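Trainee: Here's the letter readout for the chains.
Protein chains: 2
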Amino acid sequence: MTRAEAEALDRADPLADLRSAFDLPEGVIYLDGNSLGPPTKAALARLRQGAEEEWAKGLIRSWNDAGWIDLPHRAGAKIARLIGAQSGDVVVCDSVSVNLFKIAAALLARKPGRALCVAADEFPTDQYVLEGLSRLTGAPLLRIVAGEVPEAAVIVRSLVHYKTAAVADMAEAERAAAERGADIIWDLSHATGAVAIDVSANGARFAAGCGYKYLNGGPGAPAFLYVRRDAAERLRQPISGWMGAQAPFDFSSAYEPADGAARFAAGTPPILSLSALDASLDLFDGVDLDALEAKARALGDLFLAAGAAAGLQPVAVAGRRGGHVAFRHADAYAIVQAMIAQGVIGDFRAPDLARFGFSPLYLSYADVWRAGEILNVVMARETWREPAFARRSRVT
Amino acid sequence: MTRAEAEALDRADPLADLRSAFDLPEGVIYLDGNSLGPPTKAALARLRQGAEEEWAKGLIRSWNDAGWIDLPHRAGAKIARLIGAQSGDVVVCDSVSVNLFKIAAALLARKPGRALCVAADEFPTDQYVLEGLSRLTGAPLLRIVAGEVPEAAVIVRSLVHYKTAAVADMAEAERAAAERGADIIWDLSHATGAVAIDVSANGARFAAGCGYKYLNGGPGAPAFLYVRRDAAERLRQPISGWMGAQAPFDFSSAYEPADGAARFAAGTPPILSLSALDASLDLFDGVDLDALEAKARALGDLFLAAGAAAGLQPVAVAGRRGGHVAFRHADAYAIVQAMIAQGVIGDFRAPDLARFGFSPLYLSYADVWRAGEILNVVMARETWREPAFARRSRVT
Numbered sequence: 001m002t003r004a005e006a007e008a009l010d011r012a013d014p015l016a017d018l019r020s021a022f023d024l025p026e027g028v029i030y031l032d033g034n035s036l037g038p039p040t041k042a043a044l045a046r047l048r049q050g051a052e053e054e055w056a057k058g059l060i061r062s063w064n065d066a067g068w069i070d071l072p073h074r075a076g077a078k079i080a081r082l083i084g085a086q087s088g089d090v091v092v093c094d095s096v097s098v099n100l101f102k103i104a105a106a107l108l109a110r111k112p113g114r115a116l117c118v119a120a121d122e123f124p125t126d127q128y129v130l131e132g133l134s135r136l137t138g139a140p141l142l143r144i145v146a147g148e149v150p151e152a153a154v155i156v157r158s159l160v161h162y163k164t165a166a167v168a169d170m171a172e173a174e175r176a177a178a179e180r181g182a183d184i185i186w187d188l189s190h191a192t193g194a195v196a197i198d199v200s201a202n203g204a205r206f207a208a209g210c211g212y213k214y215l216n217g218g219p220g221a222p223a224f225l226y227v228r229r230d231a232a233e234r235l236r237q238p239i240s241g242w243m244g245a246q247a248p249f250d251f252s253s254a255y256e257p258a259d260g261a262a263r264f265a266a267g268t269p270p271i272l273s274l275s276a277l278d279a280s281l282d283l284f285d286g287v288d289l290d291a292l293e294a295k296a297r298a299l300g301d302l303f304l305a306a307g308a309a310a311g312l313q314p315v316a317v318a319g320r321r322g323g324h325v326a327f328r329h330a331d332a333y334a335i336v337q338a339m340i341a342q343g344v345i346g347d348f349r350a351p352d353l354a355r356f357g358f359s360p361l362y363l364s365y366a367d368v369w370r371a372g373e374i375l376n377v378v379m380a381r382e383t384w385r386e387p388a389f390a391r392r393s394r395v396t
Numbered sequence: 001m002t003r004a005e006a007e008a009l010d011r012a013d014p015l016a017d018l019r020s021a022f023d024l025p026e027g028v029i030y031l032d033g034n035s036l037g038p039p040t041k042a043a044l045a046r047l048r049q050g051a052e053e054e055w056a057k058g059l060i061r062s063w064n065d066a067g068w069i070d071l072p073h074r075a076g077a078k079i080a081r082l083i084g085a086q087s088g089d090v091v092v093c094d095s096v097s098v099n100l101f102k103i104a105a106a107l108l109a110r111k112p113g114r115a116l117c118v119a120a121d122e123f124p125t126d127q128y129v130l131e132g133l134s135r136l137t138g139a140p141l142l143r144i145v146a147g148e149v150p151e152a153a154v155i156v157r158s159l160v161h162y163k164t165a166a167v168a169d170m171a172e173a174e175r176a177a178a179e180r181g182a183d184i185i186w187d188l189s190h191a192t193g194a195v196a197i198d199v200s201a202n203g204a205r206f207a208a209g210c211g212y213k214y215l216n217g218g219p220g221a222p223a224f225l226y227v228r229r230d231a232a233e234r235l236r237q238p239i240s241g242w243m244g245a246q247a248p249f250d251f252s253s254a255y256e257p258a259d260g261a262a263r264f265a266a267g268t269p270p271i272l273s274l275s276a277l278d279a280s281l282d283l284f285d286g287v288d289l290d291a292l293e294a295k296a297r298a299l300g301d302l303f304l305a306a307g308a309a310a311g312l313q314p315v316a317v318a319g320r321r322g323g324h325v326a327f328r329h330a331d332a333y334a335i336v337q338a339m340i341a342q343g344v345i346g347d348f349r350a351p352d353l354a355r356f357g358f359s360p361l362y363l364s365y366a367d368v369w370r371a372g373e374i375l376n377v378v379m380a381r382e383t384w385r386e387p388a389f390a391r392r393s394r395v396t
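First to last, the protein sequences are chains A and B. According to this note's numbering, the first sequence is numbered sequentially starting from 1. According to this note's numbering, the second sequence is numbered sequentially starting from 1.
Simulated from the structure, these hints should not be mistaken for lab results. Here the structure is a predicted model, which is why all the values come from computation and not from measurement. Heads up, some of the hints might be wrong.
Same chains, same label: a pair holds when it works inside one copy or across any pair of copies.
Said to hold, decoys possible - Below, a list of computed lysine to aspartate or glutamate pairs in the DMTMM-like style, where the Cα atoms sit at most 25 Å apart:
| # | residue 1 | residue 2 |
| --- | --- | --- |
| 1 | 111 | 17 |
| 2 | 111 | 7 |
| 3 | 111 | 331 |
| 4 | 57 | 5 |
| 5 | 163 | 373 |
| 6 | 41 | 172 |
| 7 | 111 | 151 |
| 8 | 111 | 250 |
| 9 | 41 | 373 |
| 10 | 41 | 52 |
| 11 | 41 | 65 |
| 12 | 111 | 288 |
| 13 | 163 | 259 |
| 14 | 163 | 26 |
| 15 | 111 | 382 |
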């Protein structure tokens, strides 16, 4: 593809206008929105308002007057549309780790003695959390090959794999799990905001996901969880903090769970971080999810072509692919650092992947075309061999 | 006390200068810092920097370059000084509810079959969390009268009671618990930043506490937890998310806990909210904790005297009292609302308490003297009987 062809695609892109809603630094092509999304202008404005007006002037009254108390549910309703859930079935709270724990523990309690199950190449925290729950309860932990569906109480599975971006077949997995009496908790972290998701149409009842990647909620933004209403009413989650209680401000001694997914909330949410996420979510208003996925895919394809031209080996994905792509290379860390030095930010995933994400809300085809050109220069000139690029930082 | 006498106390107050570090609205006397502390100017500036520089310009690089990855530990070290802990033994993460759950579950795992124990008048979330852990594990839940120390695996207890502000005798409770083989997890939410705490001197090894009250961390600021090093090394907490792992960015399948209290972290922390807390904590630098407690106590005494003059019945506290006071009245809700209408913000605690907090960092004796005068006017004129003050809002 030529630069002119990329620019022509931008002119025809129905999402092109959304770029102006972001605050992006000059001179950077940001291909890491799959790890940390950049701020929307609305999120920055909302943070100022949340801090300098709601907190500083409203003080405690803002729990009512600024609607802080309902924010986990208002933000949840916005995410619900992005995953095909009913609006009351999604709550923003805690982290993905904590949310997976709460849902898995609640499900396990109804199937004592059965196993917890996760693929050995799943995102580490998903494995670690089930390992911890297994140790606490004595439930066996099965580590499977991705895609297997064994008899189990709970299977945790990513819809989009964090390394390969392979998209699981949600309907087929739900069908297989139902046959074996297992419940799947979907980890939607690398999927939400990048691919079209429809939990309702596919029979998925449980999910958790990340607020700081494609949702652009800010560093460590609170996560979300989804529990379908009919399932929620039968479940009790163990971190039964006051924010998941029916009437927290009655200060009663006995825990009475709130209705529906709301009972999966636990403690007081971090309002400032949550406000930024809530504001960024508005950007998805009216955005067609199929168009979102199609653009992410097209941008990824464009970059894969550039990688092929540079002689890089892509991680193969059979079938549907999410919003990022990865190349396998023994010096992947140094390559990513050399790209960053040229203004193209991707990330490294141990041990040998250079990963690049293609958030469709703010990236243009011309951006990705230019990033591909830089990739070819970096590989051709072997600038990544410079010693400075070999040193690993703590967070990679 | 006369207004002139109050003003004389202000002139002699070694903490008086700290008031200028806060951003407080005009015309408000804020007696609810025990529920939500007001912003420090440093917190507001740090939020702008965190959002508009670190997030917007640094993007993913700020995990290293702005030190986000260490923030839970840097903020934890600042809190450690306020509770008498070693600096590496405190981590800022999650909420009080989640932190209590993690520590209680870790302790229970070493004493299977023994009970979880909490007083029936303890802050609700403390009771609820143990109720949830009891349901999950089958461990019995004992509800005791405050101060009892039964045979149990775990006792959760507030150092400062959320209604009465009575301060527990930490050393005596630890001694009694040790005799019965029980571990106490102290809830320091209503204590930290208002009274002198010394976990090390008193043999306390486990605690959790709140970031948004006297620490002025912002609405729903992340909480902290304390686990003494020697105890941490023997414990495994069940929400074993990647941020509590030894090397999260190695992306290994098996969870290897970090050293010490760091293993009690779980998911990715909400950096913006955490930054505000971290900035506010600097205000405690060099502040003598005994002076802090003495001033909070003196301000509370001043307001109690005003309440007595107004004919209000205080909640009696025998011995040491923390940073707030409470009056019992059938129409406590309406009284609090009538006070708010006059610019004095306190809060209501169901069913019948009007509660007022005395954060020693920004309140002057003259403020509290004036608030006492307003209390007397409200009670004498019975303005709280106006119908508008009777309507309960969702959060009270």
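Trainee: Check each numbered hint from earlier against the structure, then list the numbers of those it violates in ascending order.
Mentor: 1, 2, 3, 4, 6, 8, 9, 12, 13, 14, 15
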